[in-house]
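Visitor: Construct the entire structure; sequences and hints are all you get.
For the sequence shown, counting from 1, position 9 maps to 9 in the UniProt record's numbering; every step adds exactly one.
A couple of the hints might just be wrong.
Claimed, not checked - In silico lysine to aspartate or glutamate, DMTMM-like type, Cα no more than 25 Å apart, as pairs: (1) Lys123 / Glu51; (2) Lys108 / Glu88; (3) Lys48 / Asp80; (4) Lys7 / Asp65; (5) Lys38 / Glu19; (6) Lys7 / Glu19; (7) Lys123 / Glu89; (8) Lys124 / Glu78; (9) Lys119 / Glu91; (10) Lys119 / Glu78; (11) Lys22 / Glu51; (12) Lys7 / Asp58; (13) Lys48 / Glu35; (14) Lys23 / Glu51; (15) Lys92 / Asp58; (16) Lys48 / Glu88; (17) Lys119 / Glu51; (18) Lys81 / Asp120; (19) Lys22 / Asp58; (20) Lys33 / Asp94; (21) Lys101 / Glu91; (22) Lys12 / Asp58; (23) Lys38 / Glu18; (24) Lys82 / Glu105; (25) Lys108 / Glu91; (26) Lys123 / Asp109; (27) Lys81 / Glu91; (28) Lys28 / Glu18; (29) Lys7 / Glu51; (30) Lys82 / Glu51; (31) Lys124 / Asp109; (32) Lys92 / Asp65; (33) Lys92 / Glu105; (34) Lys113 / Asp80; (35) Lys119 / Asp109; (36) Lys23 / Asp58; (37) Lys113 / Glu78.
What the hints assert, rightly or not - Simulated restraints, written as ranges between beta carbons of each label pair: (38) Asp80 / Val110: 32 to 40 Å; (39) Ile93 / Asp120: 18 to 26 Å; (40) Thr118 / Lys12: 36 to 44 Å.
Keep in mind that the hints were calculated from the coordinates and are not lab data.
Don't be surprised by glycine CBs; every beta carbon is placed ideally from N, CA and C.
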Amino acid sequence: MFSNRLKALRIKNNMTQEELGKKVNLKKAAISKYENGKLQPNIDMIIKFAEIFGVSVDYISGRSDKLTPISNNKTNNEVDKKLDNFIEEIEKIDGLMFSGKPMDESTKDVLLKMLRTTKDMAKKMNENNK
1 MFSNRLKALR
11 IKNNMTQEEL
21 GKKVNLKKAA
31 ISKYENGKLQ
41 PNIDMIIKFA
51 EIFGVSVDYI
61 SGRSDKLTPI
71 SNNKTNNEVD
81 KKLDNFIEEI
91 EKIDGLMFSG
101 KPMDESTKDV
111 LLKMLRTTKD
121 MAKKMNENNK
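Guide: The following block contains the structure:
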């Protein structure tokens with residue numbers, strides 16, 4: 001099923017086997033083998049293909065027939081907003097667990113501080129790259 005989905009998605013996106021291969025650092029021959037079912041990809045490669053075509057891993061691997069495109073619009077892909085939401089959730093939850101053990105308040109505070117610092121650093125780096 002993966003082989004059929006991969007080929008259909010590649011064709012739908014007007015992409016040659018060579019172009020797709022370049023996106024995932026593979027030769028055209030490997031893409032051909034995937035599409036003909038002669039070679040099975042590992043999970044990392046399946047994830048790469050799903051990301052390229054904007055579909056779920058379940059869809060491209062044939063576990064689901066529901067073609068739900070992964071949104072590429074800005075509002076759903078803004079990492080800073082997702083981090084803000086994640087930080088808010090952590091702040092609200094009492095009795096957090098980490099690696100199966102209860103997390104004390106000081107550990108929770110350190111985690112929150114690190115998340116905020118990481119977000120701020122990424123924001124500054126991103127601004128400097130423009």
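Visitor: Hint check: lysine 119 vs aspartate 109, CA-CA at most 25 Å. Holds or violated?
Guide: 15 Å, holds
Visitor: Given the hint that lysine 22 pairs with aspartate 58, does the C-alpha gap stay at or below 25 Å?
Guide: 23 Å, holds
Visitor: Below or equal to 25 Å on CA atoms is what counts here, so check lysine 92 against aspartate 65.
Guide: It is violated: about 37 Å lies between the C-alpha atoms, which goes past 25 Å.
Visitor: Mind checking the hinted window 32 to 40 Å against the Cβ distance between aspartate 80 and valine 110?
Guide: Given a distance of about 21 Å, which is not inside 32 to 40 Å, the answer is violated.
Visitor: Are the Cα atoms of lysine 23 and glutamate 51 separated by 25 Å or less?
Guide: 11 Å, holds
Visitor: Going straight from one Cα to the other, do lysine 22 and glutamate 51 come out at no more than 25 Å?
Guide: 14 Å, holds
Visitor: Can you confirm whether the C-alpha distance between lysine 7 and glutamate 19 stays at or below 25 Å?
Guide: 13 Å, holds
Visitor: If you draw a straight line from the CA of lysine 48 to the CA of glutamate 35, is it 25 Å or shorter?
Guide: Since the Cα atoms of lysine 48 and glutamate 35 sit roughly 15 Å apart, the hinted pair holds (cutoff 25 Å).
Visitor: Measure nothing beyond the straight line between the CA atoms of lysine 113 and aspartate 80; if it is 25 Å or shorter, mark the hint as holding.
Guide: 15 Å, holds
Visitor: Would the hint linking lysine 12 and aspartate 58 be met if the CA-CA limit is 25 Å?
Guide: Holds, at roughly 18 Å.
Visitor: For the pair supplied as a hint, lysine 38 and glutamate 18, is the alpha-carbon distance within the 25 Å limit?
Guide: Judged against 25 Å, a Cα distance of about 17 Å means the pair holds.
Visitor: Taken at face value, is the distance from the CA of glutamate 78 to the CA of lysine 119 at most 25 Å?
Guide: 12 Å, holds
The structure fails hints 15, 16, 20, 32, 38 (numbered hints given earlier, in ascending order).
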